[in-house]
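Dock chain B against chain A, hints included.
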Amino acid sequence: MPAASVVYAGRRLITNGGVTGMAKYVLRRLIGMVPTWLIIMFMVVFMVRLIPGSIVDLLLQDQGGGGSYQAGIDRAQVEHRLGLDQPVYVQYVKYVAGVAQGNLGASLWDQQSVVSLIAQRVPVTAQVALVAIITSVFVSIPIGVISAVRRDSPVDYLLRSISILGISVPGFAIGTAIVIFPTLWWGVTVSFKYVSFAEDPIGHLKLIIPPAMVLGVQLSASVARLTRTMMLEVLQEDYIRTARAKGLQEPKIVVKHALKNALIPVVTVLGIQITNLLGGSVITETIFALPGLGRLMVSSIGARDYPVVQGIVVLTAIFVMCMNLAVDVSYGYLDPRARPA
Amino acid sequence: MSAEVGIGQAVRGGGRAQRSVGARVWYEASKFIRKKPLGAFGAVVLLMLIGMAVFAPIITQYGPLQQSTGPALAGPSLEHLAGTDQFGRDVFTRIVYGARISLFISVGATVMAIIPATTLGMMCAYFRGPFDLVFQRVVDAFQAIPGLILLITIVSILGSGQFNVVLALAIPASITGSRLQRAASMQVTGRDYVLAARSLGATHTRIIFQYILPNIMAPIIIVVSLGFGGYILAESSLSFLGYGVPPPAPSWGGMLASDGRRYMYVAPHMFIAPAIALSVVVFGVNMFGDAMRDILDPRLRGSG
Chain A
1 MPAASVVYAG RRLITNGGVT GMAKYVLRRL IGMVPTWLII MFMVVFMVRL IPGSIVDLLL
61 QDQGGGGSYQ AGIDRAQVEH RLGLDQPVYV QYVKYVAGVA QGNLGASLWD QQSVVSLIAQ
121 RVPVTAQVAL VAIITSVFVS IPIGVISAVR RDSPVDYLLR SISILGISVP GFAIGTAIVI
181 FPTLWWGVTV SFKYVSFAED PIGHLKLIIP PAMVLGVQLS ASVARLTRTM MLEVLQEDYI
241 RTARAKGLQE PKIVVKHALK NALIPVVTVL GIQITNLLGG SVITETIFAL PGLGRLMVSS
301 IGARDYPVVQ GIVVLTAIFV MCMNLAVDVS YGYLDPRARP A
Chain B
1 MSAEVGIGQA VRGGGRAQRS VGARVWYEAS KFIRKKPLGA FGAVVLLMLI GMAVFAPIIT
61 QYGPLQQSTG PALAGPSLEH LAGTDQFGRD VFTRIVYGAR ISLFISVGAT VMAIIPATTL
121 GMMCAYFRGP FDLVFQRVVD AFQAIPGLIL LITIVSILGS GQFNVVLALA IPASITGSRL
181 QRAASMQVTG RDYVLAARSL GATHTRIIFQ YILPNIMAPI IIVVSLGFGG YILAESSLSF
241 LGYGVPPPAP SWGGMLASDG RRYMYVAPHM FIAPAIALSV VVFGVNMFGD AMRDILDPRL
301 RGSG
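In order, the protein sequence lines correspond to chains A and B.
The numbering used here applies: residue 1 is where the first sequence begins, and numbers increase by one.
The numbering used here applies: residue 1 is where the second sequence begins, and numbers increase by one.
Isolated chain A (complex conformation) (with noise of 0.2 Å):
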């Protein structure tokens, strides 16, 4: 449970004592992600590679129309070009080496180098994660605080009910809808042609937008069950009764004492979120067209372009560890029980 690990990876952060323990933490989590890296290299560099039908295959369907080519000879020679003619283990060596140096390498069909492509992609799949961040909050909160004042009523059940059917339809389902229909019963057709901020911002919004509150309401189920226990055992606490009986009306014990506490694993439980949104972006980008990350790497597998795949996950891979130890330590920040005295 990450709410949970979360809670306790924070106190025993804070209870090691102030800025210096803080910085050894840190350090250490940095230190500890190493190994956990090297596998995850290790894992693609495979991986990738086993997926049958290799790139060199492809290259030469994709030079050979006439078939004027020796195949034999010309897949030696591609092969040896791509550096692909020596082990594996020899290829992940010189892999981590180039990476410890900043250097991810270049495209194999184009050499572009992967840090530029992925450079190109990046914004479109923050903008995205970002608006379907702010949506997933301002929809599931209200939802869960409604929902946990409302215990085990009709307006409970059917609060919860929907956030259950929003995990429980698929994604490109509801994406599917939002662009098909209202072509079918109004004939209204929407232009999926990407523009970039910079040429068009307010069209450029128009296309992000969409797909990025589809993703955030499917993210808010999640959230919305989760404020929704946090807010149920807060209630709970000696400090809301005391509230009650110094006579303060309940809205203001509800949202002043009550979800303040609260929402502190709910926020770091959006962190966590952000990191998800990365792979669920997959579906989205693809069916909202948008030129972002997740399709390139869904094409890059296709194409069996292993430096741009390895790249993608490499990358991913350092953002979600770094993310998930920044909820670590904000959660000592947040909580002000888990600070020393």
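Rather than coming from a laboratory, the hints here were simulated on the basis of the structure.
Just so you know, even glycine gets a beta-carbon here, dropped at the ideal spot from N, CA and C.
Nothing false has been slipped in among the hints.
A few chain B residues that don't get close to chain A, going by computed Cβ distances all over 10 Å:
#, residue
1, Y27
2, A53
3, L65
4, L73
5, G108
6, D132
7, A202
8, H204
9, A249
Label-pair ranges, simulated between beta-carbon atoms:
#, chain 1, residue 1, chain 2, residue 2, range
10, A, A76, B, G70, 49 to 59 Å
11, B, P57, A, P52, 32 to 42 Å
12, A, G53, B, Q136, 33 to 43 Å
13, B, P247, A, R49, 22 to 32 Å
14, A, W186, B, A29, 44 to 54 Å
15, B, Q67, A, V93, 49 to 59 Å
16, A, P35, B, F55, 44 to 54 Å
One side only, chain B facing chain A, incomplete, derived with CB under 7 Å:
#, residue
17, L148
18, I157
19, L233
20, R261
Using the frame of chain A, we list chain B on its own:
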């Protein structure tokens, strides 16, 4: 407490029941319906899914691959409750038979994931030390790679096919799923009865399977019931990207993602019917899983 355990005992028939077994099952079931109406709805959906899978040939007169059962791409009618597809196959029939695929995938992936996940989790918690340390880094690695990407890569390596999809869903889940079982086992390994068993000279295997395993059944059941719907959805996502159960098999994900989307303008029922089937089943399964969690582990109520 015995009242709280509810359906678990109802299924076993309640050993110490004063009432007859039938009456007790009925009592527990009616209590479950009263206390957990949404969970009861989920249970009904689950039973319907199983019923559809088992009695498919009785429910419908057509075959799932039988072409030209009527005009192609026709809308819903009395003969074709959910219309027909581009080959004149009956969509309702395909959905009914599709229940078999959904069940195969969700049950298959669940079983193939939970057994290694539980074994690995218990081993990590029991042995600790270097094995645990190294294996936890592997779990970290699997968790840091976006799930769908991992699935696509594994399916690409294994090749397409119904069983390979199950395998692809189960492999990452058996690694990452071990973490929860490890956490649950950690709480148990320190207990006195484990210590007592060890001092009596019980073997490691015996301690793990006789003493730890029975005490972590609650989280296992929770993971199983909550994971079920996830696998059905994951298969549909894979279908959407072209890595799911290959046609002509009537997988709901495939019907929805390929033909359903392709013919959406001319035959929207081809999209809507499998979408409803899939959503209702996943919804019901999730509701049932939620209720199970409430009953088995009140601490975790509604989280995650």
